[in-house]
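*Asks:* This note's numbering runs 1353 ahead of the 1-based position in the sequence shown.
Honestly, the hints are just simulated from the structure, not real lab data. Treat the hints loosely; a few may be bogus.
Straight-line distance between alpha carbons at most 16 Å, and here's what the computed EDC-like set of lysine to aspartate or glutamate pairs gives [to be verified]:
hint	residue 1	residue 2
1	K1377	E1875
2	K1582	D1646
3	K1592	E1641
Ranges between beta-carbon positions, derived for each pair [said to hold, decoys possible]:
hint	residue 1	residue 2	range
4	I1728	G1706	39 to 45 Å
5	F1584	R1634	25 to 31 Å
6	L1376	K1582	22 to 28 Å
Virtual Cβ for every residue (Gly too), placed ideally from N, Cα, C.
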Amino acid sequence: MTLLQLLASLTPVISVMLFLVLLKMPASRAMPISMVMTGLAAVFVWQMDTTILGASVVEGLLSALTPLSIIFGAVFLLNTLKYSGAMDTIRAGFTNISGDARVQVIIICWLFGSFIEGSAGFGTPAAIGAPLLVLLGVPPVAAAVVALIADSTSVSFGAIGLPVLFGMEQGLMQGGVSMAADQIAQHGTSFADYAQFIALHMITIDLLTGTLIPLVLVSVLTGFFGRNKSFKEGLAIWKFALFAGLAFTVPAWLINFFAGPEFPSVIGALVGMAIVIPVARKGLLLPETPWNDFAENDNQEGKTKIETKAQFSQVAAWTPYIIMAGLLVLSRTVAPLKSWLTSFNISWTNLLGTELKAGFATLYAPGAFFVLVCILGFVLFKMKSPAIKESITVSCKSMLPTIISLGASVPMVKIFLNSGTNEAGLQSMPVALADMLAGSMGAIWAWMSPIVGIFGAFLSGSATFSNMMFSGLQYSVADNIGMNHALVLALQGIGANAGNMMCVMNVVAAATVVGMAGRESEIIRKTMPVALGYALIAGTIASLWGGL
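Please model the entire structure based on the sequences and the hints provided.
*Replies:* Following this line, the structure appears as structure tokens:
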């Protein structure tokens, strides 16, 4: 790969970093510019077929419908709860558990968010958790940052194990044959058996790295967004934070060991909430004085004052979330229901005469469930026409910057991924970059492997897609350097999880649902060091461990 080709392949990363992070442009401006630059680099340097380029843009626009539907649904549900008055009741309920914002962040983002991640994936946890925090008094940007950081460890088993069971299997398939056929034979009769072994490495590493995430959450909360900018105020609840970390990671490890990678996040989160909430309510492992001391200016930013008179029971107020969680679990675990829902998918094939295709899961995607529970909320909360109209209007207006951002970022990713069809005889941009890294940094691959995973998730917006792109490469590198295959694949998965914290699509979604569209650069600057630290700690553990 020449220097010019290297720079061309890095165009998506360089442009996003330059315009979004360094120049602090809103994503609605930075992403269209980045898409154009990536397209120009693909055509003039990578010599990408222009028909494939055009089809990739169309594929990206159509693929963006799924995340857009989820974001709209999450915003719609939030506004439904706001304008009905139900959110006042939810706020009071969390305050009764603990008035400490640090505790609220752990329960909502780490535990409840892990349950949603295990059930649905798709970046849904941040879209649900961040608005809840805002309504409890957490500054909007802070809410987005901690919600994104929390949505990491549980991603290994997100959407009922999809990143491992589907992402890695597809990544290891070449010509219909798995590269890992010999490893599969050693660990069982199917890829699911080997996936359980890979996931065991992931969750074993996360017994340390993942367990630390709640402590990181509260330290980021107080250190960056507290009035005193004191990390010490977050570390003050280290006992409770580590307890909450273990309350999820230990059950998750056990579930994976005995049952496989489908349900560790779902069951681990449920067990964690059952253990942690009573402890928080009694104030055990916590200082006597609750912490809620945010910088005054930030705490008022983006908050909407809502006058409501309605009063509901906690059960009634939480009913939309309960129904939402139930629908997510049932739709992913009950085969006849899943089959019926997926039968309504819209599929576009042979885009612009190419083999590219796209689809939109009209009923199976979480966005449809959000809209359904909102409609049920209208009835349940006996909302009047003006309140219904306001919730719909506000939700639609808030989506414009997000439509522009994702309408550019997803096509950019598709151009990047589909660049393997070119006249220069080159591999696709991500594979060429990863091959270059593997060839030059094999000696320190325990640290580089999760960085590759981050890279994939950062650009594609999906841990599953990162695993699809790079699992084959990771397996080949493990072969070449004599490293444990399952351990390298586990590091790929952990890196993909970490990339979830800072990927453009998730950041845009989190910023939108808290009313902070345009502040994406600030969010990424806070989550990026955590993502890199998470991956490097995992790599250090792997280098010392060697695997099962």
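*Asks:* None of the hints should be skipped; say for each whether it holds.
*Replies:* Results of checking the hints against the structure:
1. Taking the CA atoms of K1377 and E1875, the gap is near 7 Å; set against the 16 Å cutoff, the hint holds.
2. For a cut-off of 16 Å, the pair hint linking K1582 to D1646 stands: about 10 Å separates their Cα positions.
3. For the hint pairing K1592 with E1641, the CA-to-CA distance comes to about 13 Å; that is within 16 Å, so the pair holds.
4. The hinted window of 39 to 45 Å between I1728 and G1706 holds, with their beta carbons roughly 40 Å apart.
5. The given range of 25 to 31 Å is respected by F1584 and R1634, whose C-beta atoms sit roughly 26 Å from each other.
6. For L1376 paired with K1582, a C-beta distance near 25 Å keeps the hint of 22 to 28 Å intact.
When held up to the earlier numbered hints, the structure conflicts with none and fits them all.
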